[in-house]
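*Asks:* In case you want the letters, here they are:
2 protein chains.
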Amino acid sequence: MDTSASAPKLSFDTNPSKYRHWTLAIEGEIARLTMKVEPFGGAKSEIELKSNSYDMSVDIELADAIQRLRFEHPGVKCCVITSAHDKIFCAGANIYMLASSTHPFKVNFCKYTNETRLAIEDASQNSGIRFLAACNGATAGGGYELALACDEIVLIDDGSSTVALPEVPLLGVLPGTGGLTRVVDKRKVRRDLADAFSTLAEGVKGKRAVEWGLVDAVVPRSKFADTIAQRARDLAAKAPDLPRGKPLKLDPIGDYRHVSLKVDEKSRIADLTVRGPADAKRVDDASFWPLRMARELDHALLRLRFEHEHVGLVLVRTEGDRKLAHEIGELLASDDGFIREVRLNLACVLRRMDVTARSFFAVVDQRSCFSGPLFELLLACDRAYVLDADGVEVWPGSLSSGALPGWNGISRLQTRFLADPQRVQKVLAAAKEGPIDGPTADKLGLATVFADDIDFEEELRVAVEERASLSPDALTGMEQNYRFAGPETLATKIFGRLSAWQNWIFIRPNATGERGALTMYGKPERPQFDYRRT
Amino acid sequence: MDTSASAPKLSFDTNPSKYRHWTLAIEGEIARLTMKVEPFGGAKSEIELKSNSYDMSVDIELADAIQRLRFEHPGVKCCVITSAHDKIFCAGANIYMLASSTHPFKVNFCKYTNETRLAIEDASQNSGIRFLAACNGATAGGGYELALACDEIVLIDDGSSTVALPEVPLLGVLPGTGGLTRVVDKRKVRRDLADAFSTLAEGVKGKRAVEWGLVDAVVPRSKFADTIAQRARDLAAKAPDLPRGKPLKLDPIGDYRHVSLKVDEKSRIADLTVRGPADAKRVDDASFWPLRMARELDHALLRLRFEHEHVGLVLVRTEGDRKLAHEIGELLASDDGFIREVRLNLACVLRRMDVTARSFFAVVDQRSCFSGPLFELLLACDRAYVLDADGVEVWPGSLSSGALPGWNGISRLQTRFLADPQRVQKVLAAAKEGPIDGPTADKLGLATVFADDIDFEEELRVAVEERASLSPDALTGMEQNYRFAGPETLATKIFGRLSAWQNWIFIRPNATGERGALTMYGKPERPQFDYRRT
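Heads up: the sequence lines are chains A and B, in that order. Quick note: to get our numbering, add 15 to the position in the first sequence (first position is 1). Quick note: to get our numbering, add 15 to the position in the second sequence (first position is 1).
Among these hints, one or two may not hold up.
The list treats identical chains as interchangeable, and a pair is accepted whether it falls inside one copy or across any two copies.
[As the list claims (entries may be wrong)] No more than 30 Å apart at the CA atoms, straight line, and that leaves these computed lysine-lysine pairs for DSSO-like:
#1 K201 x K59
#2 K458 x K222
#3 K102 x K338
#4 K222 x K441
#5 K203 x K458
#6 K281 x K338
#7 K238 x K102
#8 K261 x K222
#9 K338 x K441
#10 K338 x K458
#11 K441 x K201
Since the hints were made in silico from the structure, they are not lab data.
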């Protein structure tokens, strides 16, 4: 049994002045995000991040930059992603970092980088920031997957630079950041060409890369800068004009104000409590409750994933004034620019919860404030334990009618009531009259368990103990299948299908065994495979 | 490295007179398929198949029975699936059989049982045979998954019989036969109730099973037989009246007439050759070429999976008269009852190929007959190597325009040309004029590699050697992601997502390690888990 220590402690709290690997430059409508990975500046200082290969520390900065583009630079309509290295765009995730990481870390790393790529696509779709990958050199593995997340890919035509997904031939694993899915489902590359491409370690360049649909254009070195500049202007000009509000400075997370996370390592159970707003006022800065609360919640979820690998179950509680939370939820449902960005951010955080490999049980009692935006937390949980007592209420609002879609593209209420779509309207109609009391919530299908105070604590205690005792792998697999019923999207394909295969392959001896391809990478000997196909 | 021998040799060639575990009785429009598993009659005679638990030998008979219902009993409009045991419907896959099987066998077993369940649903949807699960006792694990594949589930209300998916709590694995997907996506059970259900080892019975949507009705023992009979009549009466032709007796497979499979265990490469028809006549018996050919192909694919685990690459060749194959393809596209069943069967076999964890390369040369139904084989391959020489032609026909859908519900041509849907029409239009020569096929996007005789053999040789050298796990993952671009269906969710999770969990020490839950099942000690969540 692999019992190596957790990964090095990561800081998810950064800003452009602290970036070691990226620079973010803004010129009018065009942003330029330039990658130059500091070779010994990664999370594990002993691993050299050569050739713009990346680790978590690089991706955390990228994720931060995308969030800041949305809030701090509402005038930006196109972001060029490029590299400051000559002849290298990005070599993908660092192999030595991956090979020396534990299985849980590998999976969490891939999940996080996937979320960052999907954040790029979300920023394009919902904030109208078009992304242009200016691949000024070799674009391999995760480097090409980063390019795939952009709206357009332009590759330099210098006789040598290629785009490549060399994971299968070189490492015996899959591209871990949505690559396969985006090749055939986003770029719609023919499956036989996709197959040939993904087994060509050296990749594809020039005209053929365009013909196969792997890139949108190839441009000689002499015209590369001008072409990128022109394409960026064109993308900006054609980007939809979405209201995004005034620039806003995101403050550091520092100490939590609205969220608390208490972990009991022994029982492997965490308490996650989110407190409602102190008032229902709109504040156009980073202290605005729904923004600050969502950022803290996001931070707490990442800490759970990376710092508390053994925790299996999270009890989700809320506290506060239900009326204020409901009012602020209704405010968030309006379509003003800044408010819209705050809402989109909250939607991203809730989706981070949906793919977090932990069981979530909502605990609903007299102190609870599952109201407005916090009601969505109840829907995001695997189960809801609702106390049958006076003063216990939940209060959905307009936000729950589609403004915070899950990865499957529909609202969590729709996903919950696939069998009876009218139930969605019944819940929303009931909430229009005011808070929904326990018995009504139970009747409407919002409680998994509804018990009076004689049974409540005991039922919850037994369920918690049982959950914590079950196989963590089986629970992860079960939850990933149950959380995404209904329609499939690029994202559910990536998290549901591609990630599952990747998880499987990572744990197989052919990849990570003593003579597996990932373990043997960079060594003179060839990997050894058990060739039985399964 | 697990190097245990292959599974016991299985015979896929059976008929009702040979069944050991099932009886098939027909009464007018109603068929009755009754399970009584012979305890020591399984594939491994030392494992006792207690409580109607099953192994491959049981599922092979079930699959055979469903195929015979379609061809031999065109008058049947409802099939009742039940058990001859008192108080037990079916306990699911036998745990000791699973725990003592190799990983490749476990995966292949689950895949086959999944295909059988999907064959039930295909028979319901396309042949109008409604299935009624008459759960006359405990219905657990794969037993409940069998019931889930039926159109209706009726559970006996005897105070003790439950439906259950105890895999997560008891075995630390997932239900392996589509259970999770069908619970939330077919029966649309609320996700929190599905979660509670799937962690309750003892299952759910009575009124609650109906309320949660797990079964359609519960009926007391005294009324069970009458209710089932009445519901079966109702289902038959409401079944659509689809043309199914005259009864036809399926002959044993025995020696192949139209297919040959040659395996080189050393190079891990197989040659699969399918020969075209000797004439284009319609024959209303089991010797009709498309029926016999498809059944042989199906048989060969199963042999590949179960008897040749090390084979990684299959070279798919065809031979014969292209004109005759094209004519018979056009005949198959018509909607006469018997012809329709033959076509539906061919579609099932091609879908079996789509989920076979082997690489398939089509080799197209002067001898080839990728024409009519055999053209679809080219599309089902991961790549097509087309020789640039006179006399090399392919000839798609009406069958390829949607009559043989893949698991994603659309035609293989549509899947191939997602980026350019008009290309589908161009290919079909070109084929209307006659066979398509090599250069045109290449231009239309039907060739992965198009090379003249100087390069052809060499290109193919290099590609074959390279393919056979790559990690079998990475190839399986890659192919499963590339073969199902486009829309998602219940089946792609099952094969793409659920199976991937199941494969992963099966290989994790928490399930199959020395102290894993599957290994420890039935022993007094508790399993030990590495609780890190991933």
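*Asks:* Hints first: check each against the structure and report whether it holds.
*Replies:* How the hints compare with the structure:
Taking the shortest Cα distances, K201 and K59 never come within 30 Å of each other, neither inside one copy (34 Å) nor across copies (46 Å). Taking the shortest alpha-carbon separations for K458 and K222, only the inter-copy value of 16 Å comes in at or below 30 Å, while the best intra-copy value is 62 Å. For a Cα distance limit of 30 Å, the shortest separation of K102 from K338 qualifies neither inside one copy, at 58 Å, nor across copies, at 53 Å. In this assembly of identical chains, the alpha carbons of K222 and K441 lie at most 30 Å apart only when taken from different copies (24 Å versus 56 Å within one copy).
Taking identical chains as interchangeable, the C-alpha atoms of K203 and K458 lie at most 30 Å apart only when they sit on different chains, with a minimum of 18 Å there against 45 Å within one chain. For the identical chains of this complex, K281 and K338 are neighbours neither inside a copy (37 Å) nor across copies (72 Å), given an alpha-carbon limit of 30 Å. For a Cα distance limit of 30 Å, the shortest separation of K238 from K102 inside one copy, 15 Å, qualifies, whereas the shortest one across copies, 78 Å, does not. Proximity of K261 to K222 under the C-alpha cut-off of 30 Å is found in neither arrangement, the shortest distances being 43 Å within a copy and 56 Å between copies.
In this assembly of identical chains, the alpha carbons of K338 and K441 lie at most 30 Å apart only when taken from the same copy (20 Å versus 61 Å across copies). In this assembly of identical chains, K338 and K458 lie within 30 Å of each other by CA distance solely inside one copy; the values are 22 Å within and 65 Å between copies. Proximity of K441 to K201 under the C-alpha cut-off of 30 Å is restricted to the inter-copy arrangement: shortest distance 23 Å between copies versus 36 Å within a copy.
Hints 1, 3, 6, 8 from the earlier list are contradicted by this structure; the remaining hints agree with it.
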